[in-house]
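The listed protein sequences correspond, in order, to chains U and W. Residue 190 in full-length UniProt numbering sits at position 190 of the first sequence; the count goes up by one each step and never skips. Residue 280 in full-length UniProt numbering sits at position 280 of the second sequence; the count goes up by one each step and never skips.
What the hints contain is simulated information worked out from the structure, not anything from laboratory work. There's no promise every hint is true.
[What the hints assert, rightly or not] Taking lysine-lysine and the DSSO-like style, the derived pairs with C-alpha atoms no more than 27 Å apart in a straight line are:
1) U:K263 with W:K11
2) U:K156 with W:K290
3) W:K350 with W:K458
4) W:K290 with U:K5
5) W:K266 with U:K11
6) W:K263 with U:K11
7) U:K203 with W:K203
8) U:K156 with W:K263
[As the list claims (entries may be wrong)] Cβ pair distances, simulated, as ranges:
9) W:Y195 with U:K91: 50 to 56 Å
10) U:N252 with W:P311: 54 to 60 Å
11) W:D158 with U:K203: 38 to 44 Å
12) U:N327 with W:Y195: 52 to 58 Å
13) W:D158 with U:E293: 20 to 26 Å
14) U:D309 with W:I308: 55 to 61 Å
We put the CB at the ideal spot given by N, CA and C, even for glycine.
Number of protein chains: 2
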Amino acid sequence: MIINKVRDTIKRHNLLNDGDKVILGLSGGPDSVCLLHILNYLKDEFNIKIYAAHLNHKIRGIEAQKDAMYAAKICDIMGIICFIRAIDVPKYCEENNLSLEEGARILRYNMFFEIKEKINADKIAIAHNINDQAETVLMRMMRGTGLQGLKGIEYKRDDGIIRPLLDVSREEIEKYCEENNLNPRIDHTNLEDIYVRNKIRLKLIPYMSENFNPNLKESIARMANLLREDSDYIEEQANSAFEQVCEKKSQNIISLDIDKFLKFHKAIKNRIIRKSIDFILGDIKGIEQKHIEDVISLFFESKTDTRIDLPRGIRVYKKNRNIIFTNEELVEKKINYNYKLPKSGYIKVKELNAIVESKILSVKEMKNITHDKYTKCFDADKVCGDLLIRNRKNGDRIKILGLGGSKKIKDLFIDLKIPREDRDKIPILVDEKGIIWVIGYRMSEDYKIDKGTKNILKVSFKLL
Amino acid sequence: MIINKVRDTIKRHNLLNDGDKVILGLSGGPDSVCLLHILNYLKDEFNIKIYAAHLNHKIRGIEAQKDAMYAAKICDIMGIICFIRAIDVPKYCEENNLSLEEGARILRYNMFFEIKEKINADKIAIAHNINDQAETVLMRMMRGTGLQGLKGIEYKRDDGIIRPLLDVSREEIEKYCEENNLNPRIDHTNLEDIYVRNKIRLKLIPYMSENFNPNLKESIARMANLLREDSDYIEEQANSAFEQVCEKKSQNIISLDIDKFLKFHKAIKNRIIRKSIDFILGDIKGIEQKHIEDVISLFFESKTDTRIDLPRGIRVYKKNRNIIFTNEELVEKKINYNYKLPKSGYIKVKELNAIVESKILSVKEMKNITHDKYTKCFDADKVCGDLLIRNRKNGDRIKILGLGGSKKIKDLFIDLKIPREDRDKIPILVDEKGIIWVIGYRMSEDYKIDKGTKNILKVSFKLL
Numbered sequence: 001m002i003i004n005k006v007r008d009t010i011k012r013h014n015l016l017n018d019g020d021k022v023i024l025g026l027s028g029g030p031d032s033v034c035l036l037h038i039l040n041y042l043k044d045e046f047n048i049k050i051y052a053a054h055l056n057h058k059i060r061g062i063e064a065q066k067d068a069m070y071a072a073k074i075c076d077i078m079g080i081i082c083f084i085r086a087i088d089v090p091k092y093c094e095e096n097n098l099s100l101e102e103g104a105r106i107l108r109y110n111m112f113f114e115i116k117e118k119i120n121a122d123k124i125a126i127a128h129n130i131n132d133q134a135e136t137v138l139m140r141m142m143r144g145t146g147l148q149g150l151k152g153i154e155y156k157r158d159d160g161i162i163r164p165l166l167d168v169s170r171e172e173i174e175k176y177c178e179e180n181n182l183n184p185r186i187d188h189t190n191l192e193d194i195y196v197r198n199k200i201r202l203k204l205i206p207y208m209s210e211n212f213n214p215n216l217k218e219s220i221a222r223m224a225n226l227l228r229e230d231s232d233y234i235e236e237q238a239n240s241a242f243e244q245v246c247e248k249k250s251q252n253i254i255s256l257d258i259d260k261f262l263k264f265h266k267a268i269k270n271r272i273i274r275k276s277i278d279f280i281l282g283d284i285k286g287i288e289q290k291h292i293e294d295v296i297s298l299f300f301e302s303k304t305d306t307r308i309d310l311p312r313g314i315r316v317y318k319k320n321r322n323i324i325f326t327n328e329e330l331v332e333k334k335i336n337y338n339y340k341l342p343k344s345g346y347i348k349v350k351e352l353n354a355i356v357e358s359k360i361l362s363v364k365e366m367k368n369i370t371h372d373k374y375t376k377c378f379d380a381d382k383v384c385g386d387l388l389i390r391n392r393k394n395g396d397r398i399k400i401l402g403l404g405g406s407k408k409i410k411d412l413f414i415d416l417k418i419p420r421e422d423r424d425k426i427p428i429l430v431d432e433k434g435i436i437w438v439i440g441y442r443m444s445e446d447y448k449i450d451k452g453t454k455n456i457l458k459v460s461f462k463l464l
Numbered sequence: 001m002i003i004n005k006v007r008d009t010i011k012r013h014n015l016l017n018d019g020d021k022v023i024l025g026l027s028g029g030p031d032s033v034c035l036l037h038i039l040n041y042l043k044d045e046f047n048i049k050i051y052a053a054h055l056n057h058k059i060r061g062i063e064a065q066k067d068a069m070y071a072a073k074i075c076d077i078m079g080i081i082c083f084i085r086a087i088d089v090p091k092y093c094e095e096n097n098l099s100l101e102e103g104a105r106i107l108r109y110n111m112f113f114e115i116k117e118k119i120n121a122d123k124i125a126i127a128h129n130i131n132d133q134a135e136t137v138l139m140r141m142m143r144g145t146g147l148q149g150l151k152g153i154e155y156k157r158d159d160g161i162i163r164p165l166l167d168v169s170r171e172e173i174e175k176y177c178e179e180n181n182l183n184p185r186i187d188h189t190n191l192e193d194i195y196v197r198n199k200i201r202l203k204l205i206p207y208m209s210e211n212f213n214p215n216l217k218e219s220i221a222r223m224a225n226l227l228r229e230d231s232d233y234i235e236e237q238a239n240s241a242f243e244q245v246c247e248k249k250s251q252n253i254i255s256l257d258i259d260k261f262l263k264f265h266k267a268i269k270n271r272i273i274r275k276s277i278d279f280i281l282g283d284i285k286g287i288e289q290k291h292i293e294d295v296i297s298l299f300f301e302s303k304t305d306t307r308i309d310l311p312r313g314i315r316v317y318k319k320n321r322n323i324i325f326t327n328e329e330l331v332e333k334k335i336n337y338n339y340k341l342p343k344s345g346y347i348k349v350k351e352l353n354a355i356v357e358s359k360i361l362s363v364k365e366m367k368n369i370t371h372d373k374y375t376k377c378f379d380a381d382k383v384c385g386d387l388l389i390r391n392r393k394n395g396d397r398i399k400i401l402g403l404g405g406s407k408k409i410k411d412l413f414i415d416l417k418i419p420r421e422d423r424d425k426i427p428i429l430v431d432e433k434g435i436i437w438v439i440g441y442r443m444s445e446d447y448k449i450d451k452g453t454k455n456i457l458k459v460s461f462k463l464l
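Just chain U, with the same shape it has in the complex (with noise of 0.2 Å):
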C-alpha cells in the first residue's frame, strides 16, 4: 500500500529517470528509515543507485553517536553507502548567530550538496512527509502568506531534491517501519521549529481533524498541490512581465518602464515590485505589502520626480516615466561643457552625444529649410562676438519670442517640467549679449530674423 502510493508519487511527479544515483538524507527517524527501505525495495524498478547521508550533529553527544551508529548498521545491513559527517553544529551556530535549526538545516543541506557533486549523484531524496506538508501550510497560513508560501513544500526542486514521501502519513511511516521491524531511532531532539511545529502536530492538527474534517491532512496537502500548479503559472507570467517592465540592471539600480508597468495585472504588478527588490537585496524579508503598496502608488504619482524610502535601505526614485529601486545614494553626474561653435561649421557635443552645426546663409537659401524642433535661423547680424554651445548657468535668463520680456531659465525649465536631473542635458546657444536658443524648446526674440535681415545664422542640433 505505502509502497505502491511512493510508486504512485514518483512517477506522477516524475522524481527519478533511468540510471539516476541518489543520496538519501538519513536521520535515523521513522521518516528517513522507511524512505531508505522503500527506495531500496524499488531499486530496480527504477534502475536507481542509493547512497545516504548522516550529519552528526553532536546536539546531545552521547544520543547524537547512537543515531549515526544506527544510520551506519542500517546501511550496512541493506549494503548501501553511507556517508556520516560530525560538524560541531552547536559551535557553528554560536559563531554564525544561528538557532540550533537553522543552523542544523543550513550545515545538513551543505552537506548533502557537497556529496551530491562529489559522487556526481542526480538527486537528493528528503523524507518530508504528508503531515509535514499540512503542518508547513497551516503554519505559513497562521503566521500570512501569500500564494507562494500557500503552495507548500515541493515533490521536486530544480537543485535535484526530491521528496517520494509527501503523500505518506505519519501513521503509515510508523506502521510500516513496525512491520518491517526497521526499529527507527525517535529523534528526541527534532530540530526543526520544535515547539511550534510540535503544537501544531500534537494539538492543532488533531483538534481540527476531530472537529471538522478527518481528512485534513490529505485536504490540505491536494489544496497545496493546486496552490502550486497557480503559484508556478503567475510567477511565469511575472517573470516575463518583469523582463519586459525592466529596463536597466545593474549591481544595486533596477529601473522600471512606468507605462509598461500600469498595463498589467495587480497580481502581477505586486510580483514586479518584490522581484525588484529581491533583485537588489538577494531577498525580500522585512518588506511588507503594505511597502509594495506604496511603491505602485508612486507608478501613479503625477509628479515628476519622487522618492520613498523602504526598510533595509532601500530607496525608490520616480524619475520621468521610470521607477528606480537602489540601495546607494542616486547621485546624478554634474554635467558641464561649454563648446565654441563656429560661425560655418560643427562641433561635437560629447557630454550629450551630439553635433551642432551651423551655417551662414544668404536669405534667398532659406527659403528651402525645414525649420524644426531641432533646426532654427537667426539673425547673424544681430549675433555678438563668439557663439557657445553651453549648459545652463545660474542667472541664465532668455526674451522668449513672442513674449514680452525677459524669464529665467530655471522658470522656464520649471514650466516644462523638466526633471532636475535633466536640466543640464538641455544645450543653450549663447553669444557674449546673451541666450539665443533654448535648443529644443525657446528661441531669443533678439536675435529673430526681420525684414532688415541680410545674412541668417542657421544652427542645427543632432543627438548621434
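With chain U's structure known, arrange chain W on it following the hints.
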C-alpha cells in the same frame, strides 16, 4: 478609529459612488446595527442615501418579532426608511428541502435584490467583518479548497453587494455599539452554519491566536486579499484561454480543441475543464480534482475515440482533435446518401454540403488538368453503367491503385485512422461493377488510364 477604518475601506475598494442609493441588510445584531450607525454618520461625506431591509424569518416566534421591532425602532430614530418583510422561513425550507441556514440566506438575498430593483438602488451593504473573513477562509481551507475558496469574502461584487466592515473586528464592533448605546439584539439563532462556525469562532481562532499569532485574523484577511488578486488574475487569463480553446458551445454540449488546449499551463488547463463542466451543469458541485485530472489525461490519450464518465451525468468524449463535454447521449446522426452522377454534369450532395462535377474529355484535353486530392481522371470506357456517389456500405471493397489484391473499405478506413463517426461522411464514386474512387483517399486499379485509354472521365469534388 473604526469610522476611519470603514472610510478607508470604502475609498480603497471604491465601494460607494457619489449619489448611491444603499440598502443595508439589517438583522438587528451588533454588526449590522454598527454598520447602519457608521454609514448614517458618513452619508453626507459620501453623498449617499441609506435604506434598511430586515427579514423577519419567523424562526423563533416572539424573538424574531422583537428583532423586527428593534430594527424598525432604530431606523426610525435615525430617520431611515426600513423595509421589513415577514416570511415563514421554516416552511419554505421544508418545502424546498433546505437547511434553515441555506433557506434564510436565499430568502434574505432575494429580498435585498427585489428591494434594490424596486427602489432602483445601487448597492446592498452587508455587515460582514474581519472575524467572518477569517472564519470563512479557515472553514474553506479545512474542508479543502483551491485559490477560489481561499480568497474569502469579497469587499465588492458585480451585483452591487458591498462589505464596508470587512476590515473591522467583532471586538471593535461590540465596543462601538456599547460606546454609542446602540443596544443591538443578540442573535441567538445565528443561522450561518451554526455548529461549525461557532467552533471555529469560539475554539479554533482563539487557540490559534494565542499560540501562533495574536494578529491571526488580520494575517488571514491580508492573505485573502492577496489571493483574491491572484485568483482574479488567473480567472481573467483562464476566461480568455477558454474562449480560445472552445470551438463550439450549445445548450448541452461544448467542444474543446485539443491542440490549442495543450499549449496552456496546467493551472489554466485545470480551469478550462472546470469552466466546461460548469457550462453544462451550471456549477461544479461533486466534481473533484481527480475528475479534472482524468479529463486532462484524455487530452493526452492517443486513441482517437474514447469516452469517460464524470459524476452528475457528464460524459466526456475524445473525437479526433476535440474533447466534447455533454450531459446528453452523443448521437451521431446516421448519414445515408446515394446520388446518380451524370457522365458530364454535376450534382450536389447536400448531406456533405458539397458539389461533385464530371466531364468526359479526350486524352489530349487531359494534359491541362491539375490533379489533386479532389480531382482525378479515369478511363471512361472502363466505367460500367451508371455512376453513383454514395457513402460506404457493408462489404465494400476496392482494388487500390498500385497495391495488389482488393481491400475492405472498412479496413482502409481503420488504416487511415478515420474516426468511426466520420466514415459515412466520406463520399465514394462507384459504377455497377464496384468502387472507382474513395474520394480524397484512394483510386481503384480497375479504372486507371493506360496506353489504350481513349476517353477520360474527370471527376472533381468540392466542399461548398
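Structure-based check of all given hints:
1. U:K263 with W:K11: Holds: K263 (chain U) and K11 (chain W) sit about 22 Å apart, inside 27 Å.
2. U:K156 with W:K290: holds (21 Å)
3. W:K350 with W:K458: Judged against 27 Å, a Cα distance of about 21 Å means the pair holds.
4. W:K290 with U:K5: Holds, at roughly 15 Å.
5. W:K266 with U:K11: holds (17 Å)
6. W:K263 with U:K11: holds (22 Å)
7. U:K203 with W:K203: holds (12 Å)
8. U:K156 with W:K263: holds (23 Å)
9. W:Y195 with U:K91: 50 to 56 Å: At 54 Å between Cβs, range holds.
10. U:N252 with W:P311: 54 to 60 Å: holds (56 Å)
11. W:D158 with U:K203: 38 to 44 Å: holds (41 Å)
12. U:N327 with W:Y195: 52 to 58 Å: Given about 53 Å between the Cβ atoms, the range holds.
13. W:D158 with U:E293: 20 to 26 Å: Holds, since D158 (chain W) and E293 (chain U) (Cβ atoms, about 24 Å apart) stay within the stated range.
14. U:D309 with W:I308: 55 to 61 Å: holds (58 Å)
When the structure is compared with the earlier hints, no violation turns up for any of them.
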